[in-house]
Structures are given as C-alpha cells and as structure tokens.
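Top line first, the protein sequences correspond to chains A and B.
Everything in the first sequence is counted per our numbering, starting at 1 for the first residue and increasing by one.
Everything in the second sequence is counted per our numbering, starting at 1 for the first residue and increasing by one.
None of these hints come from the bench; they were simulated from the model.
Because the structure is a prediction, the values reported are computed rather than measured.
C-beta atoms are modelled at their ideal positions from N, C-alpha and C, and glycine is treated no differently.
One or more hints might be untrue.
Partial list, computed: chain A residues near chain B (C-beta under 8 Å) [unchecked claim]:
no., residue
1, Q42
2, F90
3, K101
4, F104
5, Q106
6, G107
7, L110
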Amino acid sequence: AQSVTQLGSHVSVSEGALVLLRCNYSSSVPPYLFWYVQYPNQGLQLLLKYTSAATLVKGINGFEAEFKKSETSFHLTKPSAHMRDAAEYFCAVRLSGNTGKLIFGQGTTLQVKP
Amino acid sequence: EAGVTQFPSHSVIEKGQTVTLRCDPISGHDNLYWYRRVMGKEIKFLLHFVKESKQDESGMPNNRFLAERTGGTYSTLKVQPAELEDSGVYFCASSQGTLAVTDTQYFGPGTRLTVL
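Here chain A stands alone, though its shape is the one from the complex (with noise of 0.2 Å):
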C-alpha cells in the first residue's frame, strides 16, 4: 500500500532560521505529491505540488520542495521562517490513474520562536 511518512509530528524553529519538513513516501511507480498547509481555523490550502515536470518545485510564501526520486523524498524548505508560518503542514501522494485520491503523512506542527 501507499504511504507517506513525515518525520516529526513538531518542528520548531527561531524566526529567520531555515525550516526542513520532511516527506518521505512509498510509490512503485512515480507519484504525483502535494504540501499543504493549514493555518488555525482554516481549510488546507496547497503551498505547491510536483507533477514530473521538475525536480524542484517552488510554492507560494517562499516554500520550496525536491523531489528526489533516489531517496523517496519531497521535502519542505523555506530559507527564512516568519512568524505566518506557524501551521499545519501536510504532504500528500496521489498515484497516476484514474483516482483523485489524496494519501496524507501525519502532519507536521511548525512552531515559529520570535
């Protein structure tokens, strides 16, 4: 079966300081994979999604994710946190087909220090 694996369900970082979420998911085949954020009180809303067409892909807010296919990895960056990105962040798979399924990973809490 499919899954995807965030490492840390709570990350914290100083204000300025470089964030890493992590993402790691199984696919036999190439995947289609999402992030999403949630702010308090708030749907999900996506930061970015990588559709084959590039490596490394570039969201909004400043976020960025790698796909590296080697490591079964897509993980989150931002070079410079702010106090907004205190969230939610999920990563999420969806196989090629015919299905919009969405598989999440656990879910990662930002914590964002002054």
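Assemble the complex: chain A is given as a structure, and chain B must be docked to it using the hints.
Chain B alone, transformed into the frame defined by chain A:
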C-alpha cells in the same frame, strides 16, 4: 469566488444519534471529495464524487456512513448511528478538472464532529 464551505463547523452529538454534514463545493467543480481526520491520525480519504456519481468510495469505513450528491452540486455525509470512534474533523474538497495531474483539490475548513 467563494471557496468550499462546510456546515456545521462543529457538531456535538451523543452516541447513537444521527448527524448530517454538508459540503458546498466551488461552483462548477465536478469533483467532490470527503476526507476525515481522527485525532492524532492522518487525514484519510473517504470517497470521491464526479458530479452525482460515486467514483471511488473505498475509504468509507462502514455502512453507517452515507454520502449523497444529488444534482451534482452540494453533498451530504450522514452518520447513522454515530459511534465514539466517528469523532474527528471531516473535510470536504472539490476540484474542477478531469483528474489531470494539474487538478488541484480545494479544501473546506472542515466540520469538527464530537460523539459523546
């Protein structure tokens, strides 16, 4: 343009009662999805509508859950009778296209269901 809306935002019911959750997708979106997040667990897929038809209901936990999308617009998810393990946040999402790789799912804020 209005986003995906869900009603109610919170619902507290007792075990054995019935609850109906509603989702209004973005206008024009043919695809509608239901997901659920039980506390401490990952968000899990429940089912997928294309217009009024169920495309994939492989994630529905049991026959106490009934989803409908009459007319291909809004959708309801009924839980009858509710059990304690049904507590969680129920998310609805919609997307416009034909499941192409660029098809983005837009999520609603969720309904938090608590079964006592």
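Holds or violated: is there a CB of chain B closer than 8 Å to the CB of Q106 of chain A? holds, 5 Å
When the least beta-carbon distance from G107 of chain A to chain B is tested against 8 Å, hint result: holds, 7 Å
Supplied contact hint for F104 of chain A, tested at 8 Å Cβ to chain B: Since the shortest Cβ distance to chain B is 4 Å, the answer is holds.
Restraint: K101 of chain A near chain B, CB-CB cut 8 Å. Satisfied or not? holds, 5 Å
Close enough to count: is the Cβ of Q42 of chain A nearer than 8 Å to one in chain B? At about 6 Å, which falls below the 8 Å cut-off, the nearest Cβ of chain B leaves the hint on Q42 of chain A intact, so it holds.
Quick check on L110 of chain A please, does its C-beta sit within 8 Å of some C-beta on chain B? Violated. Min distance 17 Å.
Holds or violated: the hint that F90 of chain A contacts chain B, with Cβ atoms closer than 8 Å. holds, 7 Å
Taken one by one, the earlier hints fail for this structure only at number 7.
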